[in-house]
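S.K.: Using the hints, build the complex out of the two chains.
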Amino acid sequence: MPEETHLESEVAGLIVETLNLDIDPSEIDPQAPLFREGLGLDSIDALELALALSQRYGFKLRADDPNNTRIFSSLRALSEYVRAQRVK
Amino acid sequence: MSELTLLTGFEAGSTIAWRDGRPIECRQFLADAAQLAMSLPQRAHVFNLCRDRYCFLVAFVAALLRRQVTLLPPSEAPGMLLDIRKQYGDAYCLTDQPDCAADLPVHRYPAQSAVVTADQSVPSFPREQVAAVVFTSGSTGEPKADVKTWGALLAESAMAMKRFWSDRPRPAGVVGTVPSQHMYGLATTVLLPLQAGFGLHSARPLFPEDLRVALEQVPAPRVLVTTPLHIRACVVAQTVLPDLQFILSATAPLSPALARQAEDMYSTEVLEIYGCTEAGSIATRRTVEGNVWRTYDDMRLYQHDEQYFVEGPSVEQPVALNDVIQLRSPHEFSLYGRFADLINVAGKRTSLGNLNHKLNQIDGVVDGTFFMPDEAPGTVSRLIAFVVAPGLSQQAVLQALRQQIDPVFLPRPLYIVEALPRTESGKLPRGSLAALAARLANKRKRKKSA
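Top line first, the protein sequences correspond to chains A and B.
The first sequence begins at 1488 in the working numbering and counts up by one.
The second sequence begins at 579 in the working numbering and counts up by one.
Simulated from the structure, these hints should not be mistaken for lab results.
Restraint ranges, calculated between C-beta atoms of paired labels, are given here:
| no. | chain 1 | residue 1 | chain 2 | residue 2 | range |
| --- | --- | --- | --- | --- | --- |
| 1 | A | S1496 | B | G868 | 39 to 49 Å |
| 2 | B | A1012 | A | D1516 | 31 to 41 Å |
| 3 | A | I1510 | B | V700 | 47 to 57 Å |
Don't be surprised by glycine CBs; every beta carbon is placed ideally from N, CA and C.
Excised from the complex, chain B in its bound form (with noise of 0.2 Å):
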C-alpha cells in the first residue's frame, strides 16, 4: 500500500505557522501533533471545530496519526452536529473553545504546547486512508457526505502548486479568512501549505485591520486566501495591505470590476478558484481577463445529456456540476450561474428544498417558503421568508429556524402572511414571490415613515 508523506519542503527549522505573531517551527508542530494524537479518546470519528488554524492543522493530523476520520460540518449549528451525528453515533468534538453549542462529548485542544524531543519523524499516511468527510446540506434536509482520503486530498494540492507556482517563487506564507473545516479553506489554508512547504497564519481576520495586521505577520511573498466579500471591504476601506504575490478568491462570483479595483490597489493579481465540495478546485481564472476558466492539468470537464461532470485525480468518481456551464474544451469553459434551488450565502451552500424542508417542520408553521432575491454583484444578498403560521410570532419562528440552520440562511426579513401566492397545481413561481416581497418591503418602508 502506497504511503503520501505529509509535509514536503520544509525542515525542522522551518515555520509551519504564524500564531500571535510568533512563528512555529515544523519540529514543534510534529510534537504537538504527536501528543494531541496519544491523548485522543479512543473512537473514530471526530468533529474537528478549532477556529484557529494551527490547532486545526493539528488536530487534523492527531487523527491522521489515530486512524480517526475528521468530520467537517457545514456550520456549528448544534441541529446539524447532532443530524451527522446519527450516521456517526461515537463521534466527538474537539474543539480549541470553551465548550461546544451541541451536546456532544467534548475534548478540548490542549493550552500547552508539546515538549519537542530530539526525535520528531514526519509521518506519512496510506494513500487510501478515509482523511475527512464533508458535509453539505442534501435537499431533502439530511447532511450529504463527501468522503476524502488522503491521496485525493494530495491529488488536488499537487495540481494547485502546478498552476500557482510553476511560474512563481513559492511564498513563504498563507493568510485566509476562509474557515479550515471548508473544503476550499481546508484545500487552500490548510493542506496546500503543507504540500508545498509554506506556513500558515493561526488567524481567520474578518476586518479589513484584522487582515493588514495578520498579512504582515506573515514574511513576504505572501498569499491571501479570501472572498468576495472580504475583497470588497479592504477596497472599500481602502485598507493598505504589505505586498501580495497574489489574491485567492472563492465562495461566490467575484465581479471583474471588483477584481480590477483591487488589482490596481494592491498591485497584484486576483485569481478566482472554481470548485465544489464534492470535487475540490477544479479550475482558475484570473477574473480581469474575462469568463474563461482553465481546469487544473490533470481535471476534465465532460456532457452527458443535459448535465456536466468532472473527473480527475482528486475526486474518486465523476462528480456532478451544479452551474449552468457552457464547455469550451475539455480543459476551458465558461459559468453562467448556479441552478436555482441552490443557494449559497458567504460561501455556505444549502439548497431551497432543505431550508423549505426545515421551515415547514416546525411546530404551527401550515406553509412556508424561503426566497432569493437576485443578487448585485460584490454584496451578500439574504435570504427572505414567506410564513403562514397563524398563532406563531415572527421571533418565534425565527428562534426555531435558529435551532436548525446556518444563521447566514436566517431570512432577513421574515414576514408571516396569510396565503402563500400559489398556483392552481401548487407551485410558487418566482416572478409571485418576488412581487409578494416588493410589496411587502414597500408596506414596510411605508410603516417605517408614517
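Same shape as in the complex, but just chain A (with noise of 0.2 Å):
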C-alpha cells in the first residue's frame, strides 16, 4: 500500500474510533466533505479530532474560525495536513 492512502486509511481509523461512528473506515470517502453534509460532523467533533490527531501525531491544530475548518474539508485534506504537520 503506497504510503499515502496507509495513512489515509489510518486517519479514517482514527476518525470512526474517536467519534464512534457508525460506519466502517474504509466507507468514509476521501473527497467527500467531513463536516455538515457529508459524516455531518460538527465542532465538538472537530474538537475532539483535534486532541486524538496532536496526541497521535504530536503537532497541534489550528483553526483560526472555528467554522472555515478548511483541515477538515475532507479526509484527503486532512491526512495531507497530518503528513505536513506530523512530528511522530
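M.R.: Structure below.
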C-alpha cells in the first residue's frame, strides 16, 4: 500500500474510533466533506478529533475560525495536513 | 423614560476589541456601529448571525440604534430560522459570512471600516427598549421566544460586575469560546465588556492552540469565558496559556476534578455560572469549593409547589427553573442535574419532546425516539435514536433530520429497528431503551470485529 493511502486509512480509522461513528473506516469517501454534508460532523467533533490527532501525531492543530475548518474539508485534506505537520 | 448608556468606563481611545491581532479603539467602534445602522434596511427584526464577535457587537448596536429587535436563534439550521420567521415575518439576516443557509433576505456586514469623525457620541437606550429575543427549542417543536429589554440585560451585567470584580482589578479583556448568539455568550463576552469597561477578542477559538494565540493577543489581566469541553481539551493537550485572572465556565456541569486540574495547571480560579436562557446568569460558584451556588446579590430563588423559581432585576417575571435543586436559603442552593426531558449537548439546549416531534414528522417514519445515554463527566454524550421506518435508509432519515435540528443533536448512532420496546400503555421506559442501546452497540462491535 503506498504511504499516502496508508496514512489516509490510518486517519480514517482514528476518525471512526474517536467519534464512535457507525461506519467502517473504508466507507469514508476521501474527497467528501467531513462536516455538515458528508459525515455531518460538527465543531465538538472537530475538537475531539484535534485532540486525538495531536496525541497521535504530535502537532498542534489551529483553525483560526472554527467554522472555517478547511483542514477538515475532506479525509484527503486532513491526511495531507497530517503528513505535512506530523512530528511523530 | 430613563435611558441607560451603551458604554461605561471607556474613553475615545480605549481598546474595545482585538481583531486580527490589532486593537480597535472605542471611537472606531462607535463609527462602525453608526455607519452600519444607517445602511440597514427599514425592518423591525434582524437575525444577527455574525460569527466574528466584533462584527456581532457592531451589528447588535446598529440594530439598537435603529430600534430593530435582534433575533438570536439557537442554531443556524435553515428550518429553525424559517420557523422563527413565521412569527417575525419581516426578519432579515445580518451576517459576516458569504451566505446564509436559509432562504431569507441577507444584509452583509460591510468589508470596510467606517471613517471616524470628530464627534462620536456614546448612545444610550431606553430601559424598556426590546434589545433582543433569544430563542430556545420549545417542547412542541415551535421555537420559544424570550424577550430581553435593554434594562434587563444591563441589570445582569451590573450584578456580574459586582460578583466578579468587587475584590479584583478590572481586566483588560476577555476571550470567549462560546457564540455571541447564546445567552451566556451574549451576557459575558459582549455586554459585560461594554458595561465593565474592558475589551473583547473578536475570535471564537476552538482548538487549544487557537485559544492560546487569542489570549496572548489580549493584555493581562485577562479572562477566559468557556465551557467544560474546551477546558478539558486544554488540560488534556497540556496547552500552555498566558496568565488568567480567572476562567469562567458554563453550559454544562463541570466536574470538580477537572476544575482542580485546570486551577493547578493555570494557577488561576475556575468559576462556574448557573443560568438559563430565560433568566440569564443566576448564580456562581468556584467549582473546587463544592456544590453550593451563590446567587447574584439581587437574584432570589423560591419554591412554589414542586417547582423552583428565580426572580430579580434581570427578569421581568419569575422564571421557573428546569433543574433539580435543593434550596439552602433564597441565595444559596445545590444543583442535582436537569429534569429528564431536557437535553443539553455542549451548551445547546432542546428537549426530548421537541426532537421526538421532529423525528416523527419525517415522511416514512412510523415510530421513533431519541435516547440520551448517561453522561460521563467532562465528555459529551451524544444522543442515540431508534427509528421504525420501513423502506427508509439510515442515511435518508439522518438527511431529513439535518434539515430540522442542530447538528449537535444528530443521533450517533441512529438505529433502524423493527419496533420500539413500548409498554402496553405505550410508554418507553428509560431502562428498556438503555438495554436496547447496549444490545445494538454490542451487535455493531461484533460485526466490526468479524
